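Asker: Spelled out, the chains give:
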Amino acid sequence: MIRKTLFILLLSFSCSFVMSGELDRTLVVVINHDSELAPLNAKELRKLYLGLKVKKNGEHLKPVQNYSDDVLHEVFLQKIMFMTSRTYQRQLKLRTIRKGIKPPVEFSSNKSIVELLMNNKHSVAYMWKAEAERISDIRVLQSF
Amino acid sequence: MTKKLKFLVISTILLICTETFGSEDQASLEQNFLFFPFAHVEYRPGIHADQNLDALEVEIGSDFIYLLNYRKIRVLAEIFATNEELEIERLQFGINLARDKTLWLGRFHTPLGYWNSNYHHGLYLQTSVHRPGIIEYEDAGGALPNHITGALLDGQQYTENGVFNYALAAGLAPTLGHHGLEPYTLGSISHKKLHGLLKISYQFDETDPTESGLVVGLSRINVENNIIDESLQSIFGIFSHQSQESYRITTSAYVVRNRLSYESAKKLSNSFVAAYVHAEYDMATKWIIYARAERMFGYKDDPYLALFGHNESQRNLAGVRFDITRRQAISSEVSQRVGGHDDHTHVSFQWSAVFP
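In order, the protein sequence lines correspond to chains A and B.
Okay, so the first sequence: first residue is 5 according to the numbering used here, each after it adds one.
Okay, so the second sequence: first residue is 5 according to the numbering used here, each after it adds one.
Next comes chain B alone, as it looks inside the complex:
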């Protein structure tokens, strides 16, 4: 997206924030503004000069979220700004079709499972410093679409004791360019290839964060390559988040199949599996220790992953988090990655917060 267009959209969002619906019918109007500032230091000991990576990286920024409810209308805008980028993460316009059923139009997060739906750029909300590699952001080398522009039907279906949550998304698929996946954004070229995803999960108790479910997706990804036209990507995933008094365990596994269509009419298919287990334990009121193991199978000869130029096959990490106040936390994490362009030990420090 061009800088001018970004500026225009951001200005419009801010204008909506301040001037929404004037002063009339204030009783029906509810507005919320949250921001998630963070400061992140990443150190890669033992890095070589020819690896085109910085041994020390510092990133400072914030995620800004604005929400508006006016009768049956909803607006949700999210801007992610750092010292390196400025991105309109989400811009959704929704209508409540019924109680607990909302139809959204715009740019939103792909409901790829528990992690992507719940945390995304809200770094304070996730305990670890880094997110799992398989759902890495597109601009950080992620192989699955994290963002989609189109329509999203989001709702709940109540049972006698629990609740089914569902999210059905359909929209424009990303393009696989020279720098990885590029989700469609306002102003960019659309190749009119579609992406669809369905997430269903169940909670035994609506007030309990414990949740389990599955994800099914199909996407036609345009490939900007001289010999490959597109990849038909199908995703099947399962996930579970178990929350008990002093510990939480999040697990997820994805089977990703890609069928590449070549200019020469040749077609090539392969599947790979990516899975992770993330565990957290509350050592004391404000101290949490955590660890995560990530593995990828069937990645070696995968022609789709080969287009990214790197295959991170495993990642192990462990860390500790201290909640300084009710809204601020500091975390320290050590991770070891095998494969991929960033195949190093990482030592990370992060301050994260949420206001108000």
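Chain A with its partners taken away, still in its complex shape:
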């Protein structure tokens, strides 16, 4: 009986540990700390990251791509864009070729993204929640 109880406790502890690890891997959309932007709906986010114009508070939002972590980008594609990496790239290039639409700017480090967000109130980026919470100059707009 004691062994069983110990086993269940150990299992619960392991599960909670794994789950807390998963919580750290939550994707969040981040903006400048002083921005008054309200959370965007799923369609607005998709439009924004396809290079289409999304206007809020009288200003066009500027999307920022985060390529600092392959897993993060994959989660972004699955939870926000609902498309594969190749389909997403193709959509961006097609819009550029056909309409002259500028694709989102790309960064491969969170440091560069934070610097951009600090200097631009209309830029929107994404990163892991755990990392976003450590930076005081940005604000979490919404979680996925």
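No wet-lab data here; the hints were simulated from the structure.
The structure presented is a predicted model; accordingly, all values stated were derived computationally and were not measured.
Be a bit skeptical, because a hint or two may be false.
Claimed, not checked - Result set (EDC-like, lysine to aspartate or glutamate): computed pairs, CA atoms no more than 16 Å apart in a straight line:
hint, chain 1, residue 1, chain 2, residue 2
1, A, LYS103, B, GLU34
2, A, LYS60, A, ASP38
3, A, LYS59, A, GLU40
4, A, LYS51, B, ASP209
As the list claims (entries may be wrong) - What the simulated footprint calls covered on chain B by chain A, stretch by stretch (three residues with Cβ under 8 Å from a Cβ of chain A suffice, anywhere in the stretch; the number is not a length):
hint, region
5, 32-45
6, 71-84
7, 215-226
8, 327-340
Beta carbons are placed, not taken as given, at the ideal position from N, Cα and C, and that holds for glycine.
With chain A fixed as given, assemble chain B onto it according to the hints.
Answerer: Below, chain B without anything else, positioned relative to chain A:
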């Protein structure tokens, strides 16, 4: 186009790229430069010596695209360069008349349906190595005008849920010369015959690539022939591109009617139908398998197609593509063609990419 003129135009484009509008008002100025390099190997097993075709062909090149947005002004230039040719594909100057409505002037791609509008020379963007035969490039024996010089009104009309896309093109029609259709290019002789085309499509969701629509076109094609003056060509086409999570299906069908006017005042009309179904399936994250079936009907006694000296009646192909990185892919394809001057089994290998 003469080499000197080509050089002059290309130099001008490059000059625009580097010196556009100086440094003033940089905030309104947006520039984009994309290039699509590729290397292509084509093998035709079992070819005969008298067929005037190479058993092995290698083509290396790139498509260069430059885009500029400055306030309401847009410039789009596209140069296609390979070890065999150098072509100014597009040179368009546009003005945004309203949100989502642009009027372009210059040389542009004919909005002939989904494939021609979306992929054209961007080989990396299309999954297959070859494009469908009915929208083959003019210099590769294509029977429909792929390029036009004139005006293009391109825009969207939003509905409650979706969006209508439209493209209305009007300009100078191509000439049917001894080597096939020859689109009007800067410096070439214009026969002042017009070509018009309207494409309308609908997307249920603007952010979803799924799109369906139709194409209607009318063209007076000058024929460089001792007995035929011109062909009045009308095109009616429907197309659909369905994109789901792991597969995509593109279908298209065209009804093409030509009325040939002879020197003797005789007129002869005929219609043919060309259709294709192209399907792709994502086997794994980076692996895609695909297949396409193309068929042509009513082609046997068509007097217009007879002027091309060949009638490819069907083409079946299958292939696999592997995306090496986010911007590079390799593809291998086997295709079987029936009819036409290139009536063989083709085995193709291609590396394609897009930068940046």
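Asker: For each hint, tell me whether it holds in the structure or not.
Answerer: Tested hints:
| no. | hint | result |
| --- | --- | --- |
| 1 | LYS103(A) x GLU34(B) | holds, 13 Å |
| 2 | LYS60(A) x ASP38(A) | holds, 15 Å |
| 3 | LYS59(A) x GLU40(A) | holds, 13 Å |
| 4 | LYS51(A) x ASP209(B) | holds, 10 Å |
| 5 | 32-45 | holds (count 3) |
| 6 | 71-84 | holds (count 5) |
| 7 | 215-226 | violated (count 0) |
| 8 | 327-340 | holds (count 3) |
In summary, the one numbered hint that this structure violates is 7.
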